[in-house]
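Order-wise, the sequence lines are chains V and U.
Going by my numbering, the first sequence opens with residue 1388, and the numbers climb by one from there.
Going by my numbering, the second sequence opens with residue 3, and the numbers climb by one from there.
In case anyone wonders, no lab produced these hints; they're calculated from the structure.
Hints may contain errors.
Said to hold, decoys possible - DSSO-like cross-link-like pairs, simulated, lysine-lysine; straight-line CA separation at most 30 angstroms:
#, chain 1, residue 1, chain 2, residue 2
1, U, K155, V, K1411
2, U, K720, V, K1410
3, U, K155, V, K1494
4, U, K263, V, K1414
5, V, K1414, U, K155
6, U, K496, V, K1389
Stated by the list, open to error - Computed Cβ-Cβ distance ranges for the label pairs, DEER-style:
#, chain 1, residue 1, chain 2, residue 2, range
7, U, P301, V, K1414, 40 to 50 angstroms
8, U, G746, V, G1560, 48 to 58 angstroms
9, V, G1560, U, M670, 43 to 53 angstroms
10, V, G1560, U, D689, 24 to 34 angstroms
11, V, K1390, U, P728, 47 to 57 angstroms
12, U, Q7, V, K1494, 32 to 42 angstroms
13, V, K1414, U, D629, 47 to 57 angstroms
14, U, K454, V, K1390, 58 to 68 angstroms
15, U, G87, V, Q1458, 26 to 36 angstroms
We put the beta carbon where it would ideally sit given N, CA and C, even for glycine.
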Amino acid sequence: MKKVGVVVFPGSNCDYDVYNVIKKVLKLDAEYIWHKETALRHYDAIVLPGGFSFGDHLRAGAVARFSPVMQEVINFANIGKPVIGICNGFQVLLEANLLPGALITNKHLRFLCRDTFLKVKNNKTLFTSNYKENEIIKMPIAHYTGNYFANEDTYKQLLDTNSIVFQYSNTNGDISDDTNPNGSAHNIAGIINEKGNVLGMMPHPERACEAILGSDTGIGVFSSMLGV
Amino acid sequence: MSKQQEPVVNWKLAEEHGLNKEEWGKIQKILGRVPTFTELGIFSVMWSEHCSYKNSIAELKKLPRDGEKLLVGAGEENAGLVDIGDGLAVAFKIESHNHPSAVEPFQGAATGVGGILRDIFTMGARPIACLNSLRFGPLSKPRNRYLLDHVVKGIAHYGNCMGIPTVGGEVYFDEGYSENPLVNAMAIGIVKHNGIKSAISKGNGNTVMIVGSSTGRDGIHGATFASVEISEESESKRSNVQVGDPFTEKLLLEATLELCKKDYVIGIQDMGAAGIACSTSEMSEKGNSGMIIDIEKVPMREQEMTPYEVMLSESQERMLVIVRKEFEPEVKAILEKWDLHCEVVGKVTDSPKIQINMNGKLYSEIPAWDLCLGGGTPVYYRKTKRPEYLDKLQQEDLSQLPEPKDYNEVLKKLLSSPNIADKSWIYEQYDYSVRTNTAVPPGSSAAVILVKGTNKALATCTDGNGRYVYLNPRRGGQIAVAEAARNVVCSGAKPIAITNCLNFGNPNDPEVYYQFQNAVMGMGEACNVFDTPVTGGNVSFYNESPDTAIFPTPVIGMLGLIENLKNITTSHFKDEGDFIMILGTIKGEIGGSEYLKVVHDKISGDAPSLNLDFEKRVQTACLQAIDAGIVKSATDISDGGLGVAVSECCIKNTEKTLGASVYISRKMRDDELFFGETQSVILLTIDVSNLLKLETIASKNMIPCVTIGRVKDDGILKLNDCINVPVEELRDAYVQALPKAMDGELL
Chain V
1388 MKKVGVVVFP GSNCDYDVYN VIKKVLKLDA EYIWHKETAL RHYDAIVLPG GFSFGDHLRA
1448 GAVARFSPVM QEVINFANIG KPVIGICNGF QVLLEANLLP GALITNKHLR FLCRDTFLKV
1508 KNNKTLFTSN YKENEIIKMP IAHYTGNYFA NEDTYKQLLD TNSIVFQYSN TNGDISDDTN
1568 PNGSAHNIAG IINEKGNVLG MMPHPERACE AILGSDTGIG VFSSMLGV
Chain U
3 MSKQQEPVVN WKLAEEHGLN KEEWGKIQKI LGRVPTFTEL GIFSVMWSEH CSYKNSIAEL
63 KKLPRDGEKL LVGAGEENAG LVDIGDGLAV AFKIESHNHP SAVEPFQGAA TGVGGILRDI
123 FTMGARPIAC LNSLRFGPLS KPRNRYLLDH VVKGIAHYGN CMGIPTVGGE VYFDEGYSEN
183 PLVNAMAIGI VKHNGIKSAI SKGNGNTVMI VGSSTGRDGI HGATFASVEI SEESESKRSN
243 VQVGDPFTEK LLLEATLELC KKDYVIGIQD MGAAGIACST SEMSEKGNSG MIIDIEKVPM
303 REQEMTPYEV MLSESQERML VIVRKEFEPE VKAILEKWDL HCEVVGKVTD SPKIQINMNG
363 KLYSEIPAWD LCLGGGTPVY YRKTKRPEYL DKLQQEDLSQ LPEPKDYNEV LKKLLSSPNI
423 ADKSWIYEQY DYSVRTNTAV PPGSSAAVIL VKGTNKALAT CTDGNGRYVY LNPRRGGQIA
483 VAEAARNVVC SGAKPIAITN CLNFGNPNDP EVYYQFQNAV MGMGEACNVF DTPVTGGNVS
543 FYNESPDTAI FPTPVIGMLG LIENLKNITT SHFKDEGDFI MILGTIKGEI GGSEYLKVVH
603 DKISGDAPSL NLDFEKRVQT ACLQAIDAGI VKSATDISDG GLGVAVSECC IKNTEKTLGA
663 SVYISRKMRD DELFFGETQS VILLTIDVSN LLKLETIASK NMIPCVTIGR VKDDGILKLN
723 DCINVPVEEL RDAYVQALPK AMDGELL
């Protein structure tokens, strides 16, 4: 049975939600990985969950990047195995240089929790193959530092490599300032690395895996990644 | 002050510590001598209202505090505990942090959340939701906007970082709260019956440990400060407000829940108000034991702290843990994993006294019993006097007020009143979906939280209309409970228990105490009818300043149980063609209404009438209809009356452009009909085919059930001949009001 490792930094708080989705919704195996552990090879995928690792001290994700587990996460990614960073996990991936760009404070300078609609820009990835191209999916955001920033060169590179996976939109798929909750450049909500095995995204797919919670369209991220 | 020399203790110093002459005499009698400086400090915080409830306990004891589902009674543990079946229990409690928030809104609100969460997880319960209840002065004043902004940021800062969803709450604005904002924080946790930990200390020779943050000088005398009115004098005496660190508390949460699983942990209590003084004495009192504490072993973050300061410090994110002797290394190992401090600071004795030493010198020795509520703390029966304003306001003839000319405008004005308007500007700053249990997020009648591993859910809300209590304290108290119960009923839940936070003025003022006594009486009467025992809570007196006093504001935190997930119900209209029904009778009472305030600039009249037995039958009928599967939406009539309720039901469906057409023939003015805040009325929508079923349920419960209109798909709201307006216009008014007000645009 496929086994997912969910990294737990001090201050992670979406670890349980991801674990629960893998175990209870997808009925696959999952294990917590304490941030001081370094044996990752036996996992099929690694998730860096959301939360406030190390209290967001210094800068979101900046301290977690130096946890012992992170060198192994980098090695895990380098051999082509799938890694997802969600919310704070995305921030950690950027700090670890596994993905390009940066995340800055939301444009309104406030924490923002709300449902968003995402357009699946690229469904030919390890994480989105169960979606249709340009499919509109719904999942919540909940962050203070989720405003994705990329300079022109980086943006061009993202476009050239088809690395923009999700963009904030509305139910019609319109991508504009009106459908941009946090000021992210080009409404970018999620990106992958050039190799295609590392995904970072601000919205929370793990919170959108059961209809009773308002949406089950987030499950595709995990089911694609695990080939189910 | 030098660490060696303590000031001479005399009556003057005792008075400066907020003690009265009688209490000063009582302390000397207990000790058989003049107290030391450290002892004086301990008595003053432990006998403050905040810790001892000395001015309120006589009244609080009259509240119903028993019920078959209660696993511990009110005041017995850090929070109330209610059985929900499946071997699970819910721990929940609400507490005020008004005074710190008035001074430093961000940290005051943040540490309010931190404190209430510790109360929950020290019982072994995993916190699953936070709520709050807030009151501020009008947003036209920049100071009030600052307070709201920072209180919300403080709540968000703490709850979000902890990863506990803030799922509900309420906020009202009135001049009386300008100098006295109210910040009440509530938390809910889940625990297995066999995982419950007690806040007890016992077993001669067992070890006393402090875990979590180190101790500083912050918040010394916070509990005493909270027990006087805010004045220039008290401002100068004011303690440093505590500073919260939610990251440390998140680690403490995880470490504590690990500890709670261990048999060698005898008891555990958080340190909130009155810090080590409170936790050592309360835990010992409960276990009929004593303690010896060596102050120098307490991890400190500041130099040369005195025993007085260490005992009274309200530094956050600390716990006192009683551990079976010789298991200290196991405890340390758990705390070390989470990078937290953990020190042995003393031991349990079989003496009745708490003995405080520093470097071998005795600084304090007081019997625990004399420091604790239910023990030797003073109990006062305060004088009451019916306030003179009551007759004048209650008897005011409101029927002579001019009727509005443009009802559409009045409705928009009400919808854009910050008391009614959309609160997403606030709740979107809270992470309300973390932990993946939030089935109904903020914005409906109550929030609904799933209980994982079961087919059950909890519905929960906070309610308390201070205006009604001001106009009629007893009935206002009844309404606070009735409305909270109605809100969880509209979400499909059976009300099972409440927690309360009683925010009032100075209890030494007989008119204030009259309000307090009557409001508590009213709450008790309602709790008896709804079978919702009071599991605990908090009293906050002295919410006064030289210029203003707050409305008497009892806040109810209601817990409802949804036995079957299919019964989860939301407030907004669902489908075109559905029948709009009301259970109950609209009486057109506009006393104390938002309409009266916003349109006629009056706070007067009597609070709406309430028959508790009738209310109970309306709620029972609603629940039966929900259980029968025929209810598509349910909400009650509250602020702004039927007009606002129907508008919100249209506005809150964001997926469809719905409208409604309502026609009611009544012998009353349209403003009374549509803006009166009649109690015991529930607004439902049903499919036409279920009309007979609903009528049968209503008649069995002997309550009126009337069809008042239909849901439309034209996006127009029509109420009789007086209101005809596009829902989009109403939505704009409703949604934009709060953001505009916070930007300082004229209200």
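Hints, verified against the model:
1. K155(U) with K1411(V): violated, 34 angstroms
2. K720(U) with K1410(V): violated, 50 angstroms
3. K155(U) with K1494(V): At roughly 16 angstroms apart (the allowed maximum being 30 angstroms), K1494(V) and K155(U) satisfy the hint.
4. K263(U) with K1414(V): holds, 27 angstroms
5. K1414(V) with K155(U): Not satisfied, since the Cα-Cα distance of roughly 38 angstroms exceeds 30 angstroms.
6. K496(U) with K1389(V): violated, 42 angstroms
7. P301(U) with K1414(V): 40 to 50 angstroms: holds, 46 angstroms
8. G746(U) with G1560(V): 48 to 58 angstroms: The hint (48 to 58 angstroms, Cβ to Cβ) is violated, given that G746(U) and G1560(V) are roughly 36 angstroms apart.
9. G1560(V) with M670(U): 43 to 53 angstroms: 50 angstroms Cβ-Cβ, so the 43 to 53 angstroms window holds.
10. G1560(V) with D689(U): 24 to 34 angstroms: Given a distance of about 33 angstroms, which is inside 24 to 34 angstroms, the answer is holds.
11. K1390(V) with P728(U): 47 to 57 angstroms: Between K1390(V) and P728(U), where Cβ atoms are some 55 angstroms apart, the hint holds.
12. Q7(U) with K1494(V): 32 to 42 angstroms: Hint violated: Cβ distance 57 angstroms, outside 32 to 42 angstroms.
13. K1414(V) with D629(U): 47 to 57 angstroms: violated, 31 angstroms
14. K454(U) with K1390(V): 58 to 68 angstroms: violated, 22 angstroms
15. G87(U) with Q1458(V): 26 to 36 angstroms: violated, 47 angstroms
When each numbered hint is compared with the structure, violations occur for hints 1, 2, 5, 6, 8, 12, 13, 14, 15.
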